[in-house]
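If you read the sequence shown in this note's numbering, its first letter stands for residue 1, the second for the next number, and so on.
No wet-lab data here; the hints were simulated from the structure. Since we're looking at a predicted model, the values are computed, not measured. Do not rely on the hints blindly, as some may be mistaken.
To be verified - Heads up, simulated DSS-like pairs for lysine-lysine below, C-alpha to C-alpha not over 30 Å straight-line: (1) K953 / K1009; (2) K61 / K42; (3) K1052 / K985; (4) K1005 / K888; (5) K30 / K74; (6) K1037 / K994; (7) K944 / K1005; (8) K884 / K1005; (9) K884 / K823; (10) K953 / K896; (11) K763 / K567; (12) K567 / K811; (13) K536 / K600; (14) K567 / K478; (15) K63 / K6; (16) K989 / K1052; (17) K896 / K1037; (18) K600 / K567; (19) K823 / K745; (20) K1052 / K1037; (21) K745 / K772; (22) K1009 / K896.
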Amino acid sequence: MSIADKIIASVFSRRNASGALEETYVSHVKIWEDAGPEGGGKKPRYILLSQAANGNGFLHKSKLNTNGSFSVGKTWRLPELRGMQVINPLSFNITLSRTYRWQTENAPEQAQFLEALIRLFHTVAPDAPLQLDGVEDYGAARQPIQNGSPRRPPNQRSAASQPETDYDQRMPSPPPRAPSRNGLPSRPASPANSTRSYGTSRATPRPAPSSSSSPQPPRVRPTGRQPSNGSSNTPSTSPQVPSINLRPAMSRPAITEDRNASSDSLSVNRPSKDSPTPRAPSPSPSTRAPSPSVPRTTPKRNGTVGPDGGGRREQNARISFFDPGNQAALDRLIISAPNEVDGEEESAQATMSNVEEMIEGYEWAIDDVIGRKSGRGAADLIEARLLDELLALDKANIHSFLESDDLIDVVLKYMDDALLELDNMDSLVSSYKIHLNAVGDDISFIQGQNRGLQVQTQNQRALLAELENLLQTVQVDKEALATLTQESLEKSSGIQRLEEAATELYKALQAGQDTDMAATMERLQEYRTYNAQFCKRIFDFLSIMFTAQSQMLLGSTDGLTMEGRGKSKIINHQDLEQYLGRYAGLMLYLKEMDEKVYAKLCATYFSAASELHNTQIKALFSAYINLVRKGAEEEQDHGFGPTPTVGTYSKGVTGMRRAGTVIRSPLEARNKDKDKSSDGTLKASEVLLLILEQIAPLIYREDEFIADFLQINDAALTFADYMNLDNYFRRQASRGVGLSQSTMKLVRGAMELIFGFLPDELKTWIDNALAKDNMQIIGLLASIERFLAEAEERGTAFLFNALSKQHTRLKGLYDRHINEQIKGVEQTKLTSKKRKGVVHFVKHFPIYIGLVESQLIGADALEIRSTVDAAYDRIVQSMFESLKQMAKMDGEGEDKGQLNFHVILIENMHHFVAETSQIEIGSVTTFLRRAEAIYDENLSAYVKIVLRRPFGKLIDYFEGVERLLKTTAPSEISNNASYNKSALKKVVKEYNAKDIRKHVDALFKRVEKHFTEASEKTTTEESGGIAPGTVMVGVWKACEEELLRITELTTKRISQCYADSGVTLDYNAADVEGAFRRQRVGG
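Let's have the full structure, built from the sequences with the hints guiding it.
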């Protein structure tokens, strides 16, 4: 796609409502212009020439976009064009609203664009002047048939009245208006049209178009009549006069047409004065048809020119340029020629007569020539002869016209005078324009000054209004000042009036912060005095009321009320807070207007509030310490240490239980003593919960109250916000809303100043509670942790810190307590005389767990839960290690020592599992499994040892058989000398049913001796046998199961290895079960 196609597609493709293009592309040229100081160098642009549908012309400056399209940046209307100057083939200046210099890169493209631009300009604005320099005026090119008629250069304007003026240097005129006065065969149209070319061509000379333009009749210029041209652009006359041989031969139909036209002009168009004059401007250049220079041409010949101006013109027609603007003026100069119409008709008749005479000399009829009945050569001769005659007629006509018509000189003189006047008028207009521009600048300056004066006046009025408003603002009514000094601070109505009066004073002082006017300084000083007095009055009144209201709240009961069951409750401060809350607005005023008095008042309130809370909380601690019950003496020291000697009593530590006694859950004894109390009814942890449930809300409420009453918060509320004042006063107040460092330190430590006594009081009370029951330390920790979480959630830093300090202290005491319990376990020794029975710390552990878990109800989500579970694990680990150590220390011989080791572990693990399994907590499960594993392991070893004494031979024999079976086939066992049939009989005969009963009875006595519980039970109870629930039940059952296993294995090996021997056991499993059952039921 070419550049022109892209331009048309991008810029000239828009259509109007009727479907026609709004603008039609005419031409374009690529230029380079300065990019300015920012861009540097030169930038390419395209100048587009177009014609609108309504006939207007436009110049567009466009640029080529990156996507290949064009966009228009600036547009000029073509009538705005004033002049053009061609500097060189690649550069030209163009004057529109200002002069632009554009450089091109293609000389033919530049020349083509300038020609199209000049032609379109004359089409759009035919009356507008155009100054041209270095380029010819293509004004006559509005019709293609008008080419070849150069304009007269400016230096030839004075020669217009001379007869040497060439015919071709004036533009052809429209058809003649009237016949010539002097009877010449032909004359041009009115001199106005001929002379007008001087005026229009005086700007720049134009070169003649090339000979390739549309054909025109040859014009013979008289020698010596061509005026000299000073401009190099003026063409020579030689190309303008082509000879007969150089021009292309005219076709015969064209000659016939000429002749027909000539004859028609004699017969039909003779009354040419009735034909319409073509001086009126037509809508388009194409309708401005030239008129012929001889009478032979008829008006209908003008119609041969097409709408585009490219139609073929009459061969002998003279080229003219029609200027309707000058035509009207020039017509008035020649209106004195009334007889021209008659002369025109006579000229036409004379011409046709001469043509007839010329043709008759050739001895053939004119019809034959017209009908082409003769040969080709005769026709050529006729054509040449006719053309010569036509040229002679033209020369004679022009000569006679220039020689005889005096009106031309008159018109030319008038034209010169008119041009001179126009030059003078142009100078005057230029001077007027300069003056008008100067006057316009003055007017603009005056207008600017006027606007400035208006703005200044408006600003002065606004300033005056602001000053009046300021004076009105800093004016406080005397009644308001009197209210500040005299109005009561006790009643709510008085407080409201004081706030309104304080608002007036506040506004005056805030408005006067940024003013140094002498008119307001004295008044503001007076108002500052009133402000200081009012602030002091507020301080004096509220200082008294803080103490008075506190005393009223305390009364005679130290601020407590008694409830049922001896419980006390702190009286809330709602009434006190409502009373003081009425002064919140005045406190805001005081905070902003006198910070020192505000700080003193805050300190006074902190002191009064601290005394009030101290009295109430101390009374509450004293009342509630009496509600803490003292722990039972057997629970006071629940240590894991060694038991005291018989006959002594050491802090309720129970002695070792004797064998045979029924083990009862320690929880039963604890439940019996649960409701017993020395001097109270509640646990220490429960009482602490009651205390904190009253103290914590008191602290929360006090923190919120001082934030609202004393404005100790981050809201930055001002008195202007409180009274809903204008934004101006709010901005003024926000500028000085900050407090000094000392005041900020005071108000930030408000809670420490009010409740600074609480940590010590809480510590004293906790110590007193632990003195009554030191096992309550776990419950106290749980209670504190509950309120720690709540204080952290509410963001009350003071209470959180106070409770955290006590929590840390109590946790340290608990860790010390656990270490003491472990130390007691490690110090327990078991002598040889007291090796029987359950160790003290094993008995005590379930009781200890019960006491601890009763304080942890609902505490699964607290930190104390994991702390206690870790303590359990440490104690159990220490217990198990101590038990194993004590078992190794016992026993005289190696076998006996090993047996006693198992007995001690069996007895203690049995007790541990039996008692601990009754406690349903998750952490117990772990060490229960460990205890059961130890019990099972030692029970299995013990049973094997005690059964080896009565059944040793039988066990040893068949253990040998088991070893042989690993390497020998069962049928080969009897071949072994040690394990043959006789050896089997010898062993088997020692164990019959009677022997089994005897061995089982002996075994029972031995086991009973090992586990002393059974022996003690038989001495205290008449009925024999093993008491249910004791360790003997498990041990005896294990012995029976092991002997049954041995019997079954023996029977199996005999049938397997000695099937043919006929030897069998003399007892069976039923005998074993009967023997063991007899001992269980006390038989």
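K896 paired with K1037 [C-alpha distance capped at 30 Å]: Given that 30 Å is the threshold and the Cα spacing comes to 22 Å, the pair holds.
Are the Cα positions of K953 and K896 separated by 30 Å at most? 20 Å, holds
For K745 and K772, compute the direct alpha-carbon distance and say whether it is at most 30 Å. Violated: K745 and K772 sit about 41 Å apart, past 30 Å.
Has the given pair, K823 with K745, been kept, meaning a C-alpha gap of at most 30 Å? Judged against 30 Å, a Cα distance of about 50 Å means the pair is violated.
Does K823 sit within 30 Å of K884, going by the straight-line distance between their CA atoms? Distance ~16 Å between K884 and K823 Cα, so the pair holds.
Between the alpha carbons of K1052 and K1037, is the straight-line distance 30 Å or under? 23 Å, holds
Quickly compare the C-alpha distance for K1052 and K985 to 30 Å and report which way the hint goes. Answer holds: K1052 to K985 is near 16 Å, not above 30 Å.
Hinted pair K600 and K567, Cα distance within 30 Å: The given pair, whose Cα atoms are some 38 Å apart, is violated under the 30 Å limit.
Keeping to a limit of 30 Å between CA atoms, is the pair of K567 and K811 held or broken? With a Cα-Cα distance of about 29 Å, the restraint between K567 and K811 holds, given a limit of 30 Å.
Hint consistency between K944 and K1005 [alpha-carbon to alpha-carbon, up to 30 Å]: Roughly 16 Å separates the two Cα atoms, so the pair holds.
Pair hint outcome, K1009 versus K896 [Cα-Cα no greater than 30 Å]: Holds, at roughly 13 Å.
Quick one, are K30 and K74 close enough, alpha carbons at most 30 Å? 15 Å, holds
Going down the numbered hints, you'll see the structure goes against 14, 18, 19, 21, while the others check out.
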